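Quick note, the sequences are listed as chains A and B, same order.
Residues in the first sequence are numbered consecutively from 1279, following our numbering.
Residues in the second sequence are numbered consecutively from 93, following our numbering.
Keep in mind the hints are simulated off the structure, nothing from the lab.
Keep in mind it's a predicted model, so treat the numbers as computed, not measured.
We treat Cβ as the ideally placed atom computed from N, Cα and C, and that holds for glycine.
Misleading hints may appear alongside valid ones.
[Said to hold, decoys possible] Think about it this way: if two alpha-carbon atoms lie no more than 20 Å apart in a straight line, the pair counts; the simulated PhoX-like pairs of lysine-lysine are:
hint : chain 1 : residue 1 : chain 2 : residue 2
1    : A       : K1280     : A       : K1374
2    : A       : K1323     : B       : K116
3    : A       : K1357     : B       : K170
4    : A       : K1323     : A       : K1374
5    : A       : K1320     : B       : K116
6    : B       : K116      : B       : K170
7    : B       : K160      : B       : K116
8    : A       : K1323     : A       : K1357
9    : A       : K1320     : A       : K1357
10   : A       : K1374     : B       : K160
11   : B       : K160      : B       : K170
[To be verified] Here are a few chain A residues that face chain B, going by a calculated C-beta distance under 10 Å:
hint : residue
12   : P1292
13   : Q1316
14   : K1320
15   : F1377
Here is how the chains run, residue by residue.
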Amino acid sequence: RKEVEQDPGPFNVPEGATVAFNCTYSNSASQSFFWYRQDCRKEPKLLMSVYSSGNEDGRFTAQLNRASQYISLLIRDSKLSDSATYLCATTGGYNKLIFGAGTRLAVHP
Amino acid sequence: DAGVIQSPRHEVTEMGQEVTLRCKPISGHNSLFWYRQTMMRGLELLIYFNNNVPIDDSGMPEDRFSAKMPNASFSTLKIQPSEPRDSAVYFCASSGSGGPQGEQFFGPGTRLTVL
């Protein structure tokens, strides 16, 4: 079983829709969690960290469920520019990050 | 400010040839990471350095792969001999103790094709 698993998608949604992705992790000792965004043929970039209490940044909300060992990313009022692959990551010791394979989102007009 | 710099951006080579990928991390960052990304396997950590010292190379696929970091501003990933299954995008990333935990800054990647 992979340490971090994501539904690869694609999630095809119309503009304005709300979409949510989940990401499960296998190591119950994982301490920190993150969502990265990767545009087509570009490098990943940090979107947001995921705190125990959950956190919100504009249209984006990230939550952590330790009991069920998953994190989620909610995007409200989807924009065409949100089309990308969303990678979740967790720390694997020291500064090391373990990434999921990514969930692809396609927002259409 | 310059981000992480990688060269070359694209490399096409023939099986059996030596390939050297280069990375310059962001100035002041003390951790450097080499990743490989493919459609099948996603983003895999190959090796990472802290203060120029290799900390974990468990992701290096086999002895054909080697990485060095002779100083704080330069690292190389070498594949010798290369094989078609090495074709992938190789990313270098760096992070510093001053930023948010978990924030790694990625370079633009090197797209490697081994024929």
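Do the hints match the structure? See the list:
no., hint, verdict
1, A/K1280 x A/K1374, "holds (16 Å)"
2, A/K1323 x B/K116, "holds (17 Å)"
3, A/K1357 x B/K170, "violated (41 Å)"
4, A/K1323 x A/K1374, "holds (16 Å)"
5, A/K1320 x B/K116, "holds (18 Å)"
6, B/K116 x B/K170, "holds (15 Å)"
7, B/K160 x B/K116, "holds (12 Å)"
8, A/K1323 x A/K1357, "holds (18 Å)"
9, A/K1320 x A/K1357, "holds (19 Å)"
10, A/K1374 x B/K160, "holds (18 Å)"
11, B/K160 x B/K170, "holds (9 Å)"
12, P1292, "violated (26 Å)"
13, Q1316, "holds (8 Å)"
14, K1320, "holds (7 Å)"
15, F1377, "holds (4 Å)"
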